[in-house]
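Can you make the complete structure from the sequences, with help from the hints?
Chains A and B supply the protein sequences, listed in that same order. Using my numbering, you'd call the opening residue of the first sequence number 6 and step up by one each time. Using my numbering, you'd call the opening residue of the second sequence number 39 and step up by one each time.
Rather than coming from a laboratory, the hints here were simulated on the basis of the structure. Beta carbons are placed, not taken as given, at the ideal position from N, Cα and C, and that holds for glycine. Check the hints yourself; a few may be wrong.
Using 25 angstroms as the maximum straight-line C-alpha spacing, the simulated SDA-like pairs for lysine to any residue come out as follows [claimed, not checked]:
(1) B:Lys186 <-> B:Gly148
(2) A:Lys294 <-> A:Val313
(3) B:Lys316 <-> A:Gln340
(4) B:Lys282 <-> A:Ala296
(5) A:Lys249 <-> A:Gln340
(6) B:Lys54 <-> A:Val313
Ranges of calculated distance between the beta carbons of each label pair, as one might list FRET restraints [said to hold, decoys possible]:
(7) B:Lys175 <-> A:Thr266: 27 to 33 angstroms
(8) A:Ala199 <-> B:Lys175: 58 to 64 angstroms
(9) A:Ala199 <-> B:Pro65: 25 to 31 angstroms
(10) A:Ala300 <-> B:Lys328: 26 to 32 angstroms
As a plain string of letters, each chain reads:
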Amino acid sequence: MTEPAAHTWEGPTMDVTLKIWRVDGDGERELKTYEVEAPEWACLLDVLDIIKDRHDGTLAYRKSCRMMICGSCGMRMDGRAILACKERMKPIVDSGHVPVISPMGNLPVIKDLVVDMSPFWQKIRAVKPWLDPGYDEASERERVVSQQQMNVIRKESLCIMCGCCVSECNAMEADPDFLGPAALAKGMRFVGDARDHDEIDRLNSLNDEHGIWDCTRCYFCNERCPKGVDPRDAIAKLGAESIKEGIDHDLGAKHAKWFVTSAKTTGWLRETELVPKTQGILGALKETKFALALARRGKVPPPGPIHVAAEVDQARALYNLVKEQGRDGALGIVQGERGLARIEHVEAEGARRDASEITSGEEPPPAEG
Amino acid sequence: MKVAYYKGCLASLSAKELDSSTQALAPKLNIELDELDAVTCCGAGDIHEAEPDYYLHLNARILAYGEQTGADTLMTICNVCTLNLRQANWQLKNDDELRERVNRNLETVGVPPYSGNIEVKHLLWLIAEGDGYERLKEVAHKGLKGLKVAPFYGCQILRPSKLLGFEDPDRPHSLEAIIDACGGEAIDYPAKIKCCGFPIIQAREATALGELLQPIEQATEAGADAMVTPCPLCHLSLDAWQSKLREATGRDFHMPILHLSQLIGVAAGLDDSELKFKRHVVSVKPVLDKLEV
Numbered sequence: 006m007t008e009p010a011a012h013t014w015e016g017p018t019m020d021v022t023l024k025i026w027r028v029d030g031d032g033e034r035e036l037k038t039y040e041v042e043a044p045e046w047a048c049l050l051d052v053l054d055i056i057k058d059r060h061d062g063t064l065a066y067r068k069s070c071r072m073m074i075c076g077s078c079g080m081r082m083d084g085r086a087i088l089a090c091k092e093r094m095k096p097i098v099d100s101g102h103v104p105v106i107s108p109m110g111n112l113p114v115i116k117d118l119v120v121d122m123s124p125f126w127q128k129i130r131a132v133k134p135w136l137d138p139g140y141d142e143a144s145e146r147e148r149v150v151s152q153q154q155m156n157v158i159r160k161e162s163l164c165i166m167c168g169c170c171v172s173e174c175n176a177m178e179a180d181p182d183f184l185g186p187a188a189l190a191k192g193m194r195f196v197g198d199a200r201d202h203d204e205i206d207r208l209n210s211l212n213d214e215h216g217i218w219d220c221t222r223c224y225f226c227n228e229r230c231p232k233g234v235d236p237r238d239a240i241a242k243l244g245a246e247s248i249k250e251g252i253d254h255d256l257g258a259k260h261a262k263w264f265v266t267s268a269k270t271t272g273w274l275r276e277t278e279l280v281p282k283t284q285g286i287l288g289a290l291k292e293t294k295f296a297l298a299l300a301r302r303g304k305v306p307p308p309g310p311i312h313v314a315a316e317v318d319q320a321r322a323l324y325n326l327v328k329e330q331g332r333d334g335a336l337g338i339v340q341g342e343r344g345l346a347r348i349e350h351v352e353a354e355g356a357r358r359d360a361s362e363i364t365s366g367e368e369p370p371p372a373e374g
Numbered sequence: 039m040k041v042a043y044y045k046g047c048l049a050s051l052s053a054k055e056l057d058s059s060t061q062a063l064a065p066k067l068n069i070e071l072d073e074l075d076a077v078t079c080c081g082a083g084d085i086h087e088a089e090p091d092y093y094l095h096l097n098a099r100i101l102a103y104g105e106q107t108g109a110d111t112l113m114t115i116c117n118v119c120t121l122n123l124r125q126a127n128w129q130l131k132n133d134d135e136l137r138e139r140v141n142r143n144l145e146t147v148g149v150p151p152y153s154g155n156i157e158v159k160h161l162l163w164l165i166a167e168g169d170g171y172e173r174l175k176e177v178a179h180k181g182l183k184g185l186k187v188a189p190f191y192g193c194q195i196l197r198p199s200k201l202l203g204f205e206d207p208d209r210p211h212s213l214e215a216i217i218d219a220c221g222g223e224a225i226d227y228p229a230k231i232k233c234c235g236f237p238i239i240q241a242r243e244a245t246a247l248g249e250l251l252q253p254i255e256q257a258t259e260a261g262a263d264a265m266v267t268p269c270p271l272c273h274l275s276l277d278a279w280q281s282k283l284r285e286a287t288g289r290d291f292h293m294p295i296l297h298l299s300q301l302i303g304v305a306a307g308l309d310d311s312e313l314k315f316k317r318h319v320v321s322v323k324p325v326l327d328k329l330e331v
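Here you go:
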């Protein structure tokens, strides 16, 4: 290793210490520590550049725009997926913490911090990420799309396809074929586009085995997305659009619909009937042994008089009222986005990241994709 | 402190032990429960996905009745209720136009309008706020005798932190501090913030079991005597579906799973008629033996 050159930055500098998981082409890996001088304005990507330029030219990572637009520099810091160009290092250095940098999860590692994005792109391609306007010849007059219509897919349109949501998707860890948050958010971006004429075919395809109803609602995707896409909400919009269009053959859709029936008939979930209503009578019979084991512990309330909430007629009347007002499908979720966008507590007091001792996440999980 | 107590579906049905232990523990923590009875299911994420406009109205109705009690806080004992109610609350508080429309509908069916003046907080947060840990040291007079407890947070009390925001979603500490204050030893393991698989356990059982395996396997390998969770859905998954892990992996973990209120309750000397450990699928006896209860 050559002696680093003297720094060339104007202004104050800081000493940054990083640990990076180095992975070679054969899958051998080693946690290496780097101590470098960097300007105080440096982000993680700047520090990686300094390491590569002045200390160790063999370090591999992706980058391009340096300004949160291109989506190239997704990686993990202390086990959570981030964009290297978005993470300022000064507060971390000031806290005395030494962050551990590793490649994203749920994708095969090629070298160091570079993952193979092919499975990611295959899933994006599978949702037909292009507009199908339903005509071949352009009309003579422009087709005007209102702001309200575009609001349905405002958040989904922000995706830069960095893969941070996919990195931590818990359902994909258990089912690698799950389309996943990025592809499903892209699917919603076209399902919800007023100019697209392929909504029903798209929804049918997204209702396949590894689609919408595979999502386990762990909300890691919303937590990690650096652009505010909120992929989990996009998946909920797809579920709502599917049920609105009568595409409800999947067990997940039947499960969701049973909650609606429960709320408007008894108020509380009709738990004992949930299995037969979701899986059908045959599916429920297969579960008999398991159900009996639960019943012995009082986990399956016996059939009989159903527990009914007080004033449940109000819940039923509310259902009929909102159905008349026609905010079905994705619109029911979109209407709440304005309120959620006004949450101001995040920077001030929410989402505290105050623990300097790292326990979880230091060891990168296996990433066989 | 008086709170509007929303116990949700599971604590009324398959997890009655959660309700009874919460009711018994609350007075010791100076929490006065004003139980809401004219309320419904929050929708559990399912109504949000199937009929989102109905989800918003059902949750607005719960919030409105919570506000009618005069309490500042609506207390939940389930992660999923917490997220659903907090999400609806932000939507209604931050958007006058939306709240006015929802209120017109509520009033049409005879529900008082919601003015946006109640905060939704989980029991875990109420304990972890202020001098909660100090108070707990007095309440938990029987202690946990160094019991090794693996905290399992579950998803929807941590993420999305924009809507929950009580603590660092990646390195939460409230459960560890409670275990510590009760005289137990908190076990650390990476999957403590991950998903138990419950939302898809009926529709996609294999995937859900793949998720469920991680925390139980890691907690076992880290030497835990028991796991504790603030969520009855996680509890059902970890406790009742553990037998299915045996079928799927050939491994029998025998890991006792405690509700948060049971863990504190047993340390506080609550009676078995309140803790109702016999309602668990995986036996809690090894824990009780260790604690000499």
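**Message:** Check the structure against each numbered hint from earlier and tell me which ones fail, lowest number first.
**Reply:** Violated hints: 1, 2, 3, 7, 9; rest satisfied.
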